[in-house]
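*Asks:* Protein chains in written order, with the working numbering: chain E, 1 to 254; chain X, 1 to 436.
Keep in mind that the hints were calculated from the coordinates and are not lab data. Certain hints may be false.
To be verified - If we take Cβ atoms under 7 Å as the criterion, some of the chain X residues that face chain E in the derived model are:
id, residue
1, Ile-381
2, Ser-384
3, Ala-385
4, Phe-387
5, Arg-392
6, Gly-393
7, Ala-406
Glycine residues also receive a C-beta, built at the ideal position from the N, C-alpha and C atoms.
In case you want the letters, here they are:
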Amino acid sequence: MLEIKNLHASVEGQPILKGIDLKVAAGEVHSIMGPNGSGKSTLAQVLAGHDAYEVTQGSITLDGKDLLDMEADERAREGMFMAFQYPVEIPGVSTMEFLKTAYNALREHRGEKEVDALDFLNLVKEKLALVEMDLAFLSRSVNQGFSGGEKKRHEIFQMAVLEPAIAILDETDSGLDIDALRIVSGGINKLRNPKRAMVVITHYQRLLDFVQPDFVHVLVDGRIAKSGGKELALELEDKGYAWLENAAAAAATS
Amino acid sequence: MTVMTPELSGHQAARDAFVEGPGAQAPAWLADLRQAGWDRFQELGFPTTDHEDWRIADVSPIAKTAFTLPKSQTAGADIGTFDDLSGPTLAFVDGAFAPELSNIGSLPKGVLVMPLSEAIVSHRELVEPRLASLAGDGEAFTEMNTAFLREGLFVHVAKNVDLPGAVQARFLARASSDACMTQMRSLVVLEEGARATVLEEFLSEDEAGPMFTNAVTQYFLGANAHGKHYLIEREHEAAYVVSSLYVEQQRDTDFASHSALLGGAVVRNNVFPTMRGENCMSVVNGMYIPHDDQIHDNRMLVRHTMPNCQSRQYYRGILSDHAKTMFSGRIVVDEGAQQTDAVQSNKNLLLSRTCMAQTKPQLEIYADDVKCTHGATTGQIDESAIFYFKARGIHEADARRLLTFAFVNEIFERMDLEVVRERLQGLVADRLNQKV
Ligand SMILES: Nc1ncnc2c1ncn2[C@@H]1O[C@H](COP(=O)(O)OP(=O)(O)OP(=O)(O)O)[C@@H](O)[C@H]1O
Ligand SMILES: [Mg+2]
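Just chain E, with the same shape it has in the complex (with noise of 0.2 Å):
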């Protein structure tokens, strides 16, 4: 489904991912993990198509579409979808509209007509339950006032909507408390299925208890230094990044 080869990008002309090569398939969650500033949210916004990151060399492809080609909005239609680390307020849209008119791109790409108002509310209250947000949320401002967690939890909620091919999820777990978790965690478990990818960008072992990857890439200084399976997580809560960061450093100057 998502290839990556070789991906090097920079912000301002300062590499930030040097190397990245990342294979994910068709119904697999792989978590990516690593210290703070190695290129997490880089990476996902690179993804995502962010145009403040400038990829110097490598490809990204979905489903055999060249990526890099396509403008974020586009990305989207062809079923990215990337829950910000950081979701941006948006005063003077509700929530509402702004997720209308998403899906409705998303149906004209499709070659469907307009979603039935109805019909659309119907689904978006079906959706709402699976991160228990209440339909007040709708009315409001895009996640203006929302607190930290209602935030992560839109998030969520806007990919049960979206039904993307794949999602990458950066750090949607943090800032959580603990019912949020379970809530948050258990909508992207229900998500889950054979036919969507998954990335789940997190810090902690906490999520990965509620949501169990296949695969485990550990970043560190722009490049993927370590993948495993799930076990690889809690001994990166056992042993900290240091280990990592020291063969990376040494395989930097090598």
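Fit chain X with the ligands to the known structure of chain E by using the hints.
*Replies:* Using the frame of chain E, we list chain X with the ligands on its own:
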């Protein structure tokens, strides 16, 4: 400036024509009031861009153009469809009341709605002292308006009477090859405990040449009254417009002014509420959406003269092309006006590199126990918001449109007349859809 300038002599002809024509047969008190206004106007002269308050709104074309009084023909005039609200509708065409385009209907007991020209004759006791109260306030255009005072909207709501819906007045300027001017004066009086909403809308037929609209509205609220005022400015883009709203609030009153500026070449919008009693609330809420070479200049003067009053100024502008705007928000808190709570916010969204927005807050506070806050921002569309939209599959053009429109959403949200709000949203969307 006691010597008559060449500029003014141009308007002397119009003034003479007025005195001999539509202004003839006025009662003596009115003739005197007008004359006094004319005299003071001549002393003041037209403000120039050297004047601090007139740096942006260049009114020299008004001074230099020999405006004449329009012929006021109503046949074939199209004032559009009034909003579907209960309440009387009044049409004025080229400064004259057009009964055939109006529908005052049956009014609740205690409510008077009529053209001012009629009230001048039939309700002198209600009209005269209030019209005279603006004398000498130092605003040249207000004095000029007094010099040509004759017609406009008159509303009077008796004690504790609630006028449902809204009074709607439309002022249409017809296309003319002459440079025409109209000088409307509206008077709204809510007695103690009364409630009413008044909507004044200025529109024109297609541009035929320069025109000048100088409108003054006086709004009086007796104790405990609740009043609202809507102003919609959408005259053609060769129109010079000065519109001034004077509000007098007695104790425990609640007032809101909502305005939307879309039209005009140069528009000066003055909103001057004065709180004369305790426990008043005064909200001044508005938007301006200029494009091309339009100039929109909003000037607020909110006066707190008594304790425990609150005022709120919320103005937002969306500028495109070469538009220029000014928001000048003056708050005066008198010595005795303790526990004043005043808020002012002006935000501007610039859609081009060639437009320019200015904000000038002026706080004059003579009391020590007050809360006054003001804030202003000017900027472009938030690119991180655009990315958030795009990341959800929304086309960039749609994202820009939604975000631009969202900028004035909170101004719309304060407008409680739903049909008016929705129509305005349509007008604003039409304007913005061409810009983003
Ligand atoms: N827009 C930007 N402008 C400048 N530097 C940037 C930008 N985005 C990322 N960086 C830099 O790139 C590096 C990687 O940042 P990134 O956000 O990808 O890290 P991360 O792995 O997600 O960290 P965290 O765990 O703290 O979220 C950091 O040094 C960061 O400062
Ligand atoms: Mg990050």
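*Asks:* Hints first: check each against the structure and report whether it holds.
*Replies:* Status of each hint after checking the structure:
1. Ile-381: violated, 11 Å
2. Ser-384: Given a least distance of 5 Å, the restraint on X/Ser-384 holds.
3. Ala-385: holds, 5 Å
4. Phe-387: Hint on X/Phe-387: holds, closest Cβ of chain E at ~6 Å, below 7 Å.
5. Arg-392: Holds - the Cβ of X/Arg-392 comes within 7 Å of chain E, reaching about 4 Å at its closest.
6. Gly-393: holds, 4 Å
7. Ala-406: holds, 3 Å
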